[in-house]
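Chemist: Here's the letter readout for the chains.
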Amino acid sequence: MMLEAISYTLIQTSFGQFIYNQNLAFLAPELVISLTLLMTFALSLAKTQVDQAKSWGIALLGSVVALVSIVMHYQLFYTGQASASQSVMFGMFEADLLSVVARFILTLGFILILHLSKRYVETRLPSQTGEFYTLLLTAFLGALLLCGANDMIMAFVALETLGISSYILTGYLRNNLKSTEASLKYLVYGGCSSAVLLFGLALIYGLAGGSTSFAVLPQALSQASDLGAWASLAIVMILAGIGFKVSAAPFHTWTPDVYEGSPTPITAFLSVISKLAAFVFAIRLLTPFAGVGNENVALLIGLLAVFSMIVGNVAALKQTNIKRLLGYSTIAHAGYMLVGLAALTQNSLGALLFYLATYVFMNTGAFASAMIGDELLASEDISAYSGLIKAKPWFVFAFSIFLLGLAGIPITAGFFAKFFLFQSVVLSDLGNLGVIIIALLASTVSLYYYLNIIKVMVIGEPSEQVQRLIGEGKDSTWNLSKTLTLATVICLIFTLGLGIFGQNGLLISESAMSDHGATVTQNLR
Amino acid sequence: MHLTGYPVFFVLLLFCGLFPFLLFAISQLVQIKRPTAYKHETYESGMKPYGEARIRFDVKFYLYALLFILFDIETIFLFPWAVAYEKVGVFALVEMLIFVGILALGIVYAWRKGALRWQ
Amino acid sequence: MFESTLFWIFATVAIGAALGVVLAPSVLYSALSLIVVFFSIAAFFLLNNADFLATAQVLVYGVGLTIVMLFGIMFTGDTPLKEKAGKLGRLLIASISSVALFALIFTSVLGFNIKQFPASAQWIRELHEQGSTLAIGQLLFSKYVLPFEVASILLLGAMIGAILLSKKTFTSQEPGLTFSIQEGRLKPTLSAEWRKDVGFVDAEVATEEAPSSTEELKKECSL
Chain A
16 MMLEAISYTL IQTSFGQFIY NQNLAFLAPE LVISLTLLMT FALSLAKTQV
66 DQAKSWGIAL LGSVVALVSI VMHYQLFYTG QASASQSVMF GMFEADLLSV
116 VARFILTLGF ILILHLSKRY VETRLPSQTG EFYTLLLTAF LGALLLCGAN
166 DMIMAFVALE TLGISSYILT GYLRNNLKST EASLKYLVYG GCSSAVLLFG
216 LALIYGLAGG STSFAVLPQA LSQASDLGAW ASLAIVMILA GIGFKVSAAP
266 FHTWTPDVYE GSPTPITAFL SVISKLAAFV FAIRLLTPFA GVGNENVALL
316 IGLLAVFSMI VGNVAALKQT NIKRLLGYST IAHAGYMLVG LAALTQNSLG
366 ALLFYLATYV FMNTGAFASA MIGDELLASE DISAYSGLIK AKPWFVFAFS
416 IFLLGLAGIP ITAGFFAKFF LFQSVVLSDL GNLGVIIIAL LASTVSLYYY
466 LNIIKVMVIG EPSEQVQRLI GEGKDSTWNL SKTLTLATVI CLIFTLGLGI
516 FGQNGLLISE SAMSDHGATV TQNLR
Chain B
19 MHLTGYPVFF VLLLFCGLFP FLLFAISQLV QIKRPTAYKH ETYESGMKPY
69 GEARIRFDVK FYLYALLFIL FDIETIFLFP WAVAYEKVGV FALVEMLIFV
119 GILALGIVYA WRKGALRWQ
Chain C
41 MFESTLFWIF ATVAIGAALG VVLAPSVLYS ALSLIVVFFS IAAFFLLNNA
91 DFLATAQVLV YGVGLTIVML FGIMFTGDTP LKEKAGKLGR LLIASISSVA
141 LFALIFTSVL GFNIKQFPAS AQWIRELHEQ GSTLAIGQLL FSKYVLPFEV
191 ASILLLGAMI GAILLSKKTF TSQEPGLTFS IQEGRLKPTL SAEWRKDVGF
241 VDAEVATEEA PSSTEELKKE CSL
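Residue numbers (our numbering), protein chains in the order written: chain A, 16 to 540; chain B, 19 to 137; chain C, 41 to 263.
Okay, chain A solo, but in the shape it has when bound (with noise of 0.2 angstroms):
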């Protein structure tokens, strides 16, 4: 009762009503995660170093909030109290099941994240504690915002945040020349690349006759009459901006280099956060070009996904560094998805949201597994986790798993992951055969150097960081980080678990994008 007065009161108060209007309760994550980064932020001013480490217990806090709030989101929609999509602040942002359910992932993938950041950052970092957190709250918060940006001022606003923040995280091992070169790369690249993509929104608005908003591209795009040459122009250059963002080829030449040198936990948030909202954006903006020249279109997606696919896959075969591995795989998996956006069905999105979903956890857990390796060995060669399961033998499990899902074998979520996304393609009318055969073509080839690393840690003599590991036994004065265990576990959980439950999360992404399918005017089919 009490609560309802207040809240009665406030809304006749013009702010009240202004929040009311604008349906700003849809923006709570966002909201709470900008509070929390402000908390962080005043944290980092403290003198010293345990007021400072009270900063991630905080971001944690502000993140589960931020989970809870989408979890309330989606109830609207389960019980059908919200209408298909609700436009938020002036329609710059849309609170459709879409980015809830993106935001959802998001969020878990965060929370992940920070986990892994808890040790590396107490160890390595513990006089910038506070900042790294604010850092990579604000870099989250412009993942949040493009989730559901539906303005083009709003979505390079939100990949600037994105951006601007990770350039620094990358950079944040200030005294590792490895980590200054990565920051320097990945900020010159990605200026260039906002670049391009500003100007092809530029273009975009143009076309859409003096709009910024998504919402009335798919209405401009039909009625403009001299669509032919400016329209491909924007497309190729918003395409080179996203194919950045996502780290497709041949946009990828910053990713081995930056995955390298940045902190390990910034690896896994670029891998994982970045590509995950760069895509949800690819989504977003790519949907009302589905009605009108979408051949075009299609055919530039599907030649992305066709050099991400060949490139990633060929060059991860050589490598020897398993961050740089990883970095080449990331590169193929961002080849596996855009095939899905190149289709541009309902389905095909559909599976594509799926596949997001799952690469987060399997990445995520194949980044973990790669710390954790990290602390057991101080190496990052593949060569010296040679006969680990001997000395680790559910580490080897774990990571086994990780690297299983990644390779798209069964059981896991990544095989269901993958036979959905080339299902919903191939059923599809712009399905294009070619692709998918060299999608499995490629799928088999990312065998081997998966496969590679399972074999080596298995039946590969001990290398000397593991027999000193075997050596030690149990009087090991080493521990493992418990909250980095506990990321790992989740992976796991989530990697077998999404493969065995697989068909309700493709249903719930399924009808996020049939939610989107709806405010963009039936463009999709």
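Treat the hints with caution; some may be incorrect.
Quick partial rundown of chain C residues pointing at chain B, CB under 10 angstroms, derived from the structure [said to hold, decoys possible]:
#, residue
1, 144
2, 171
3, 173
4, 188
Examples of chain A residues toward chain C, derived with CB under 10 angstroms [what the hints assert, rightly or not]:
#, residue
5, 86
6, 171
7, 179
The set of hints was computed from the structure by calculation and includes no laboratory data. Keep in mind it's a predicted model, so treat the numbers as computed, not measured. Glycine included, every Cβ here is placed at the ideal spot set by N, Cα and C.
With the hints as your guide, set chains B and C onto chain A.
Modeler: Relative to chain A, chains B and C alone:
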């Protein structure tokens, strides 16, 4: 050009552009010339000039340049706010206070971390 | 008439200064002529009724960006460019790509008639009447208020990053600078660790140089 008031601006710009040349020209015309070797030396606040003019600067200045450009961008946002203030009212005031408040935290941070302290 | 005269004046200045950027013998001169280019482009914006864009151009590019650029040049040392500009292949690639970019922008400007859209025609009329700054202000604080607020967090993040990445950290807890009285004079001493942190590699050279210059100064004074 449809905006009013700019011809005056351009005339002022022209005047400002020409003024320094005018000063130097007058100086050249009026001055008494009695050159000596010392008068031809580079003036460096009374110090004896030595070394080259093009030296490498300490990288610590870069922080000031970066902070400057960030607040420069903030000014860009303040400018339309000031122009449109009469039309957008209290709502914009609150929005601007949030905006400036968040950026002011940045200053507090810089201060607290000693970024503004001369080393 | 007045307008077109101004246009040609600024066009000449802009192209001349842009050539100066490319042909100047030192990076410093290039940067200085870039300032002139930025200001003439601001004048073009003004001539096209884009008063806000002109202000932004002057504030961000003409002032902010060039300061960062000049600082950058001063940190790295100003080396003459002539020896480096030799490679013919590089020159060819640069000229082809810049001609291509020019062609792209030129054709897009020619081929793009924004007035054909009814909404934009109305916009242009309104902007002519009230100036763009007011319109941008109104939009910024109504429709685009969310990106505006997010921009503040973006700038805050950038600020933290700038401080974090360029600030010198002092690993030592002991006081770095101590003063002692030696031979009746106050003598500052920098601890070894701090000296390394600050980058005083040649501290000895610096102390040697100081008396020699003061001696010269004394000689100068006696003259």
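Chemist: Determine for every hint whether it applies to the structure shown.
Modeler: Verification of the hints:
no.: 1; hint: 144; result: 27 angstroms, violated
no.: 2; hint: 171; result: 6 angstroms, holds
no.: 3; hint: 173; result: 5 angstroms, holds
no.: 4; hint: 188; result: 7 angstroms, holds
no.: 5; hint: 86; result: 23 angstroms, violated
no.: 6; hint: 171; result: 8 angstroms, holds
no.: 7; hint: 179; result: 6 angstroms, holds
Of the numbered hints stated above, those contradicted by the structure are hints 1, 5, listed in ascending order.
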